[in-house]
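S.K.: So the sequences go chain by chain: A and B.
Each residue of the first sequence is one higher than the one before, counting from 1 in my numbering.
Each residue of the second sequence is one higher than the one before, counting from 1 in my numbering.
Fair warning: there could be bad hints in the mix.
All copies of an identical chain are treated as equivalent in the list; a pair is satisfied when it fits inside any one copy or across any two copies.
When the alpha-carbon atoms are kept at most 25 angstroms apart in a straight line, the in silico BS3-like pairs for lysine-lysine are as follows [to be verified]:
#	residue 1	residue 2
1	K72	K236
2	K72	K52
3	K157	K250
4	K250	K236
5	K236	K315
6	K157	K72
Simulated from the structure, these hints should not be mistaken for laboratory data.
There are 2 protein chains.
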Amino acid sequence: MKKNTFSIIAPSLLALIIYSCQFSGNTSGNTETETADITYLESWNDGEARSKIEDFIRGTASERNSNFVPEKDRVAVFDNDGTLWGEQPMYYQLLYAVDFIKKNAADHPEWSSSEAIQAVLNDDLSGALAGGHQAIFELVMVSHAGMSEDEFAQSVKTWLETTRHPDTGKAYNEMIYQPMLELLEFLRANGYKTFIVSGGGIDFIRVWAEEAYDIPPYQVVGSSLKAKYEEKDGEKQVIKIPELNFIDDKEGKPVAIHQHLGIRPTIAVGNSDGDYQMLEYTTNSTGPRLGILIHHTDSEREYAYDSLSAIGNLKMGLNNGPGLGWVIVDMAEDWKSIYPD
Amino acid sequence: MKKNTFSIIAPSLLALIIYSCQFSGNTSGNTETETADITYLESWNDGEARSKIEDFIRGTASERNSNFVPEKDRVAVFDNDGTLWGEQPMYYQLLYAVDFIKKNAADHPEWSSSEAIQAVLNDDLSGALAGGHQAIFELVMVSHAGMSEDEFAQSVKTWLETTRHPDTGKAYNEMIYQPMLELLEFLRANGYKTFIVSGGGIDFIRVWAEEAYDIPPYQVVGSSLKAKYEEKDGEKQVIKIPELNFIDDKEGKPVAIHQHLGIRPTIAVGNSDGDYQMLEYTTNSTGPRLGILIHHTDSEREYAYDSLSAIGNLKMGLNNGPGLGWVIVDMAEDWKSIYPD
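Could you build the full structure based on these sequences and the hints that come with them?
M.R.: Listed below in structure tokens is the structure:
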């Protein structure tokens with residue numbers, strides 16, 4: 001019985017899949033608070049989503065507002081895949097892993113014992129993913145393990161510079177969502193610290209997130225492998241080892257926020273049911289809180305998918321979110337543009 | 001054979017021991033970069049240590065200097081116990097754990113099966129610690145596990161308000177080192193982000209570090225228990241479970257820096273051999289780097305201890321540090337004062 005390729009890729013281990021990109025248009029140094037009189041959220045259409053988001057953020061930053069939140073507590077967390085950048089037709093980090101395996105197979109005769117890797121080498125991605133979680137974990141792990149921080153970063157950077165998205169032909173670093181860049185900027189202008197809390201791999205995202213989103217590596221949380229400290233090439237380094245450390249997905253997201261941030265966020269933004277617990281944890285508490293879900297409704301300019309998609313599956317959030325006061329952003333309706341010019 | 005109480009407390013699990021304090025004199029909001037013309041490092045005597053530290057920091061922040069470091073890479077990591085505040089005659093977090101156990105024993109009949117806990121209840125701390133790592137781990141764990149974030153924070157705050165240091169009679173939140181508060185401030189004034197990377201418990205430190213050091217919870221890294229996401233008292237919360245997650249000591253510190261910060265620091269500051277690998281990792285790389293060790297030499301105003309002490313043991317650092325270019329700070333010589341007024 002042949003299974004659909006994507007249905008095999010369960011969110012919790014896709015968790016480990018992570019990516020990279022370089023976008024230089026939005027950054028303005030490390031300043032977290034800006035006060036210049038500039039226009040924010042330009043790529044957002046007027047409507048309920050925009051006004052709810054804008055009003056909430058301005059309210060939390062205004063001492064006279066009943067929603068005021070002290071600046072030290074103004075923390076916003078963002079999922080990455082499908083929230084800050086694309087995730088179709090496949091999580092980009094998995095594509096990176098596949099390319100890495102093809103490029104390096106000659107140096108790794110030991111890979112011949114892995115069915116998943118052999119399938120990748122035979123251009124049979126469906127076959128590779130038929131092994132489920134274990135197969136995906138294997139593919140992603142071999143694209144990390146044994147490398148120093150610098151080696152891994154260089155490998156990801158080179159991949160980003162040389163590959164293009166299969167549908168749009170754009171570089172992956174051009175496939176960030178312009179309205180989300182503006183939301184990040186608007187939050188920082190209102191005294192928020194912005195964090196990524198992604199199911200994707202923490203190291204993969206850190207390689208490019210600062211240039212793409214103006215989010216420094218220490219404000220990126222994600223799934224991770226274990227690591228050890230040892231000498232390599234005459235230098236003491238931290239090296240990833242092929243053993244799972246943490247899956248930052250579903251109920252793992254609140255735990256990761258607790259362990260890495262140590263503060264319950266004021267705002268959480270996601271796009272799939274993998275983000276449900278993060279939004280729930282954020283909003284199910286006292287004080288002003290906001291949950292935002294990006295709903296992929298735009299088959300013309302991007303992709304339209306939700307409850308039937310294995311990638312970015314969104315069902316529980318659509319059903320329960322509105323009742324919980326979460327803002328559902330309709331990409332087709334609420335966004336003037338998708339990608340940066 | 002009776003062993004010395006403190007020699008049993010090996011650094012790697014004392015790792016888990018953590019404390020608290022509240023000091024409100026040094027904070028100046030969340031601004032990481034200040035440019036006002038104020039005097040820094042006032043409590044530091046003129047001398048080689050001060051001038052090396054000051055010159056290095058100013059150099060890294062000056063574009064015309066050969067040591068210039070871009071602001072995004074200006075990261076400084078600090079050990080906590082013995083570096084930012086005291087650690088004698090015993091890690092303060094262990095004292096918190098002991099007090100917690102005494103206060104809550106009546107509600108925990110299951111503790112009767114623990115020899116370490118029973119010894120604590122009989123005021124026999126030596127006996128309690130005779131069980132080595134396992135005993136210490138047990139004492140610290142019962143003072144965390146099962147509590148929500150808010151419950152734990154409240155417990156630590158109350159303890160801080162009601163207990164006093166056995167030797168000085170000061171509140172623990174008055175036993176922060178004034179010269180280190182000034183160093184933190186000077187670093188931030190030069191565009192550095194300041195992090196704690198402590199063997200102590202991450203949650204324990206986060207309760208009070210923002211008020212004490214102006215370091216927010218997401219810039220605190222430490223040893224940790226595992227946690228789970230679940231409903232408690234009608235609210236979804238993250239609850240600590242009695243299972244070790246990570247020991248942030250010795251070779252664990254570079255790994256924790258990699259996992260939490262994702263960037264090799266420019267400056268690392270410690271006081272014991274538990275910090276050796278953190279300083280080594282920081283300085284054993286290209287680019288301008290600085291390692292600093294605080295040497296406790298002041299038996300009059302504080303304590304004098306190094307290679308023979310089980311708490312804050314410092315031997316390898318004193319032997320190798322100077323040859324590696326690390327600055328050794330002599331507390332008696334280099335500091336005008338120890339605690340804030």
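S.K.: Work down the list of hints and note, for each, if the structure agrees.
M.R.: Hint-by-hint comparison with the structure:
no.: 1; hint: K72 <-> K236; verdict: between (36 angstroms within a copy, 22 angstroms between copies)
no.: 2; hint: K72 <-> K52; verdict: within (22 angstroms within a copy, 33 angstroms between copies)
no.: 3; hint: K157 <-> K250; verdict: neither (28 angstroms within a copy, 31 angstroms between copies)
no.: 4; hint: K250 <-> K236; verdict: between (35 angstroms within a copy, 13 angstroms between copies)
no.: 5; hint: K236 <-> K315; verdict: between (47 angstroms within a copy, 20 angstroms between copies)
no.: 6; hint: K157 <-> K72; verdict: between (34 angstroms within a copy, 18 angstroms between copies)
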